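Whenever a hint applies, use it, and build me the whole structure from the sequences.
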Amino acid sequence: MAIAAKTEAELADAVRGSNGPMRIVGGGTRSIGHVGPAEVLETSGLSGVTLYEPGALTLVAGAGTPLAEVEALLASEGQRLPFEVPDMRGLLGGTGASTLGGVVAANASGPRRVQVGACRDSLIGVRFIDGTGTVIKNGGRVMKNVTGYDLVKLMAGSHGTLGVLTEISFKLLPVPAAAMTLILNGLDDFRAVAAMSAALASPFEVSGAAHWPGSGTFFRIEGFAASVAYRAGQLADLLADFGPMTREDDTANRWANIRDVSLFHGRNGDVWRVSVKPSDAPVIAARSGAEAVAYDWGGGLIWMLMAPGSDLRAGLGPFSGHATRVRSGPADGIAAFQPEAPALSTLTKALRAKFDPRGILNPGLM
Amino acid sequence: MQMPVPDATVLARKALIVDRLLAILPADAVVHDEAETRAYECDALTAYRCPPLAAVLPRSTAEVSAVLKLCHAMGVPVVPRGSGTSLAGGALPTADCVILGVARMNNVLETDYENRFIKVQSGRTNLSVTGAVEADGFFYAPDPSSQLACAIAGNIAMNSGGAHCLKYGVTTNNLLGVTLVLMDGTVVEVGGAHMDAPGLDLLGVICGSEGQLGVVTEATLRILPKPEGARPVLIGFDSNEVAGTCVADIIKAGILPVAIEFMDRPCIRATEDFAHAGYPDCEALLIVEVEGSPAEIDEQLALIKTIATRHNPVELRESKSEEESKKIWLGRKSAFGAMGQINDYMCLDGTIPITALPYVLRRIGEMSKEFGLDVGNVFHAGDGNMHPLILYDANKPGDLELCEAFGAEILKLCVEVGGCLTGEHGVGIEKRDLMSVQFTDADMEAQCRVKDVFDPAWLLNAAKVFPLHITASRRAA
Numbered sequence: 001m002a003i004a005a006k007t008e009a010e011l012a013d014a015v016r017g018s019n020g021p022m023r024i025v026g027g028g029t030r031s032i033g034h035v036g037p038a039e040v041l042e043t044s045g046l047s048g049v050t051l052y053e054p055g056a057l058t059l060v061a062g063a064g065t066p067l068a069e070v071e072a073l074l075a076s077e078g079q080r081l082p083f084e085v086p087d088m089r090g091l092l093g094g095t096g097a098s099t100l101g102g103v104v105a106a107n108a109s110g111p112r113r114v115q116v117g118a119c120r121d122s123l124i125g126v127r128f129i130d131g132t133g134t135v136i137k138n139g140g141r142v143m144k145n146v147t148g149y150d151l152v153k154l155m156a157g158s159h160g161t162l163g164v165l166t167e168i169s170f171k172l173l174p175v176p177a178a179a180m181t182l183i184l185n186g187l188d189d190f191r192a193v194a195a196m197s198a199a200l201a202s203p204f205e206v207s208g209a210a211h212w213p214g215s216g217t218f219f220r221i222e223g224f225a226a227s228v229a230y231r232a233g234q235l236a237d238l239l240a241d242f243g244p245m246t247r248e249d250d251t252a253n254r255w256a257n258i259r260d261v262s263l264f265h266g267r268n269g270d271v272w273r274v275s276v277k278p279s280d281a282p283v284i285a286a287r288s289g290a291e292a293v294a295y296d297w298g299g300g301l302i303w304m305l306m307a308p309g310s311d312l313r314a315g316l317g318p319f320s321g322h323a324t325r326v327r328s329g330p331a332d333g334i335a336a337f338q339p340e341a342p343a344l345s346t347l348t349k350a351l352r353a354k355f356d357p358r359g360i361l362n363p364g365l366m
Numbered sequence: 367m368q369m370p371v372p373d374a375t376v377l378a379r380k381a382l383i384v385d386r387l388l389a390i391l392p393a394d395a396v397v398h399d400e401a402e403t404r405a406y407e408c409d410a411l412t413a414y415r416c417p418p419l420a421a422v423l424p425r426s427t428a429e430v431s432a433v434l435k436l437c438h439a440m441g442v443p444v445v446p447r448g449s450g451t452s453l454a455g456g457a458l459p460t461a462d463c464v465i466l467g468v469a470r471m472n473n474v475l476e477t478d479y480e481n482r483f484i485k486v487q488s489g490r491t492n493l494s495v496t497g498a499v500e501a502d503g504f505f506y507a508p509d510p511s512s513q514l515a516c517a518i519a520g521n522i523a524m525n526s527g528g529a530h531c532l533k534y535g536v537t538t539n540n541l542l543g544v545t546l547v548l549m550d551g552t553v554v555e556v557g558g559a560h561m562d563a564p565g566l567d568l569l570g571v572i573c574g575s576e577g578q579l580g581v582v583t584e585a586t587l588r589i590l591p592k593p594e595g596a597r598p599v600l601i602g603f604d605s606n607e608v609a610g611t612c613v614a615d616i617i618k619a620g621i622l623p624v625a626i627e628f629m630d631r632p633c634i635r636a637t638e639d640f641a642h643a644g645y646p647d648c649e650a651l652l653i654v655e656v657e658g659s660p661a662e663i664d665e666q667l668a669l670i671k672t673i674a675t676r677h678n679p680v681e682l683r684e685s686k687s688e689e690e691s692k693k694i695w696l697g698r699k700s701a702f703g704a705m706g707q708i709n710d711y712m713c714l715d716g717t718i719p720i721t722a723l724p725y726v727l728r729r730i731g732e733m734s735k736e737f738g739l740d741v742g743n744v745f746h747a748g749d750g751n752m753h754p755l756i757l758y759d760a761n762k763p764g765d766l767e768l769c770e771a772f773g774a775e776i777l778k779l780c781v782e783v784g785g786c787l788t789g790e791h792g793v794g795i796e797k798r799d800l801m802s803v804q805f806t807d808a809d810m811e812a813q814c815r816v817k818d819v820f821d822p823a824w825l826l827n828a829a830k831v832f833p834l835h836i837t838a839s840r841r842a843a
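Protein sequences, first through last, are from chains A and B. Positions 1 to 366 (our numbering) are the ones given, in order, by the first sequence. Positions 367 to 843 (our numbering) are the ones given, in order, by the second sequence.
Derived from the structure by calculation, the hints contain no laboratory data. Note that the structure is predicted; figures quoted are calculated from it, not measured. Ideal placement from N, C-alpha and C gives every residue a C-beta, glycine not left out. Incorrect hints may appear among the rest.
Unchecked claim - No more than 16 Å apart at the CA atoms, straight line, and that leaves these computed lysine to aspartate or glutamate pairs for EDC-like:
(1) B:618 - A:53
(2) A:137 - B:807
(3) B:671 - B:684
Stated by the list, open to error - Beta-carbon label-pair distances, calculated as ranges:
(4) B:416 - A:226: 57 to 65 Å
(5) B:416 - A:319: 29 to 37 Å
(6) A:186 - B:822: 36 to 44 Å
(7) A:319 - B:818: 31 to 39 Å
Stated by the list, open to error - Partial list, derived from the structure: chain B residues whose beta carbon lies under 7 Å from chain A:
(8) 416
(9) 425
(10) 428
(11) 527
(12) 614
(13) 617
(14) 809
(15) 816
Take a look at the structure:
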C-alpha cells in the first residue's frame, strides 16, 4: 500500500513511523535500478508553487508539483528552467507526470547542460526529510548563497537515498526570443566530436551540441533574432572545414528529440548513459559494442542501446568517467549505478548512514 | 569573537610536533619561529589575530597527505590556508594549530581546449588561471575582487563568486573535479574532466565547506571561450526604489547582462572623491554590462536604455570605447579603496531577493542613524548580493563592537526578507554566531554530520562556520 502524504509534517511522520524499506516516488517517470520490495512513499501530495518572482528569476514549489504545471507557469512569463528537463517516458515507459522532486533527485539535465549547467546548478534551495523523519532545510530562494555547507548540491542526484525532498527552489532564465539549429551531415563520430568541440570553444554561445550517427551533427544557437543570425553565420564559417551547414528553424522538436533520446524509442534492449570527457567519447562508443549510440553535451554524454543483460562496464574495462544503466530487464546482478572507487565509496556509505541511519530510504539504489 | 581555549597538551608538545614535521618536510617548508609564525596570524579579516603553533608550506599532494596524517595521529588541529584573503576569518589560526598553506603548489598541470578545462594545483591564484589560457582565447569565469591574490584553494573552500555570476555562476558551477586530502591523510579523487558525478555529488558539498572537510590540492576547472567583447552602460536614478525596479525590468525583458552593479549615494560620493570617475550626483547608480559581438552589444544596450528611460534616469551613459568602459568601471572597482580612505570599514555580504531591495536599503538607512555609523552600499544587483560597508573608527574604544552589532542587525534583516547571511565571502568566524538566525539546530546538525564523515575527529578548521555550542561536544570528543 502506498503512503500519500498531503503535507511535509505528515510525510515526516510517515518516515519516522516506518520501519522501511521505503521506495520514494514522485511521478514515477525516472526510476532507475531496483529498490526491491518496499513500501511506496508518494510525494505528489506536496504540490503547488509557493513563490514565483519573475523579476528575481526565482521559483519555489512543493516537491510533488508536476513539472508540466511549472513549465506552463514559467512560459506565461517568458521564462523557463534553464537545464532543459528530459522527458524520460518514451525511453523508460512510464506514464505518470514528472514532478520537481523527481527531476532534482535524478539531477535530470538536458542538452543545454553544456551552456548553463545541470539541474544542480540551477537548484538554489531544498527542504527534505531525512531517514529519521527530521525536516532539514538548506540553501534558500536567493541565487548567491554560501551560508553553511551546500547540501543542496548533495541532494541533487541523490535518488532519494539521503532524504525525501519536500520543497525545491530554482533559479530561472528568460526564454530567448529566437533559436536556430545548424546541421552538419556525413561526419563520422570522431569528426563530429571535433566539430562540436570547436563550436563549444567558440564565443558564439552554442546552447546545444549533439550527434546522432547517420542522422547528423546538431548545433543550437539561442538569443535575440539578429544575434542568432549573426552567430549562426560565424559558426558556419568557423566549421567550414567540416562541410556545409544546413539551417533548421523548428528547433523545439529537434532538441526535444535529442533531449528525450527519441532515437531509441520503440526499440528493445538495455539503455546506458555514459559520462566521459568528450574527446574520449568516440573511442568508448566504438569499444562498447552498442547497437546504437547518440551523443549529447558535445560528446560528454553518450546514450547507448545495448543487447539485454550485456555488461557494458566489464566490456569497456576501466575508463575515465562513468556508466549508468537507466533501463534494463529484471535484476541480473549488473549494478545500475557505476561502482565508486573505494575511498569515495567509503564516504558515500558513511553519508548515507548519517542521513538515513536505519537504511530505509531507497535502500537498493546507488 | 570567542575562540575555543587552545589545547594545552598540543601547546606543550610544540617542539616534538615541529621535529616530526621537519622529519617529513624540507626545512624551508616548516615555519615555527615565533617571529615568523606571526606572518600567518590573520587573513583579510584583520580585526582578529592569533599566531599559529607552526605553519607548513608543502609542495605536493604527497607532502600534504603526510602532514595531515601526522597531525591526525598527534591530535593537532589544522587550519588550511590559500592566500589568506578571506574576509570572514576562514584562515584565522588558533594558537594550537598548524597552518597548512598551499601557496607553493601553484603549477598548471594540464590545459585541454578540446574539452575546455584546466587542471591546476590549488595554490595558483585565480587571475593566473585565466592568465594561463587567455592567449588562446579562454578565461576562468569566477572573478572575486581579490582575484589578483586569492588562491583557487580558497575559492573552492568559500565557493567564491564575483561580479559576473549572473551569467557564469560561482565557483561550484565552474568546478569539475578536485584532489582532496582528508584529515587522516587519505587522498581522494572527486570528479574529473567529465560533466557529472557518478554517485552522490560530493564535489558539490566539498565546494563551500570552508576547509572543514579536507584540503584541496588540485582542481579541474571549466574554462570558457572569451566573448567577442563587452561594454557597460551607466544609469543614474534619483531613488533607490526606481533603480531596483529598473533591475527587475531588465531581467524580466529577457536580457541577461553579465553584471549589474549598484551603488548608493554615500558610496558614489566616496568613490567620486577618491577615483574621480565622473559619476553623476544622484541617489543610486547602476552599471550594466553586456557581452557579444559589437552588433549584439548595441542591440542589448539599446534595449536596456529603452527600459531605463521609462524610469526617468538622471543620467544614461553608454560606453562607446574601451577607455569609456574603463572609466565607468573605475569608480566601482575602487569603491572599497575609497571607503577605506575615509575610515575603517567592515564589509558585509548578505544576499536578499531583489524585490526586497528598496525596503532593505531604507531599513539600513534608518539603522545607520540609530547606530550612529555611516554605511555605503555596493551591490551585485542582478543576484541580490549586497555589500554594505559600515564605517567605524578602529581607534575609538567600542566602535568595532558597535559596528559588529550593526552588521549583525543588517544580516538578520537579510534573512528576515528571505535572503541569507553570506553570498560569497563565507561564514568563517565572522558570521559563525549568526548561523542560528538562518538555520534551525536540525539544519546545522545535518551539516555537521557531513563533517563527521570527512573529519570525524573535528581537527580541520573546526571552530568556524557553526556556533561553538553546536559543535562543542564534537570538538571535545
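Now the hints, each set against the structure:
{"no.": "1", "hint": "B:618 - A:53", "verdict": "holds (10 Å)"}
{"no.": "2", "hint": "A:137 - B:807", "verdict": "holds (11 Å)"}
{"no.": "3", "hint": "B:671 - B:684", "verdict": "holds (9 Å)"}
{"no.": "4", "hint": "B:416 - A:226: 57 to 65 Å", "verdict": "holds (58 Å)"}
{"no.": "5", "hint": "B:416 - A:319: 29 to 37 Å", "verdict": "violated (48 Å)"}
{"no.": "6", "hint": "A:186 - B:822: 36 to 44 Å", "verdict": "violated (57 Å)"}
{"no.": "7", "hint": "A:319 - B:818: 31 to 39 Å", "verdict": "holds (33 Å)"}
{"no.": "8", "hint": "416", "verdict": "violated (24 Å)"}
{"no.": "9", "hint": "425", "verdict": "violated (23 Å)"}
{"no.": "10", "hint": "428", "verdict": "violated (15 Å)"}
{"no.": "11", "hint": "527", "verdict": "holds (6 Å)"}
{"no.": "12", "hint": "614", "verdict": "holds (3 Å)"}
{"no.": "13", "hint": "617", "verdict": "holds (6 Å)"}
{"no.": "14", "hint": "809", "verdict": "holds (6 Å)"}
{"no.": "15", "hint": "816", "verdict": "holds (6 Å)"}
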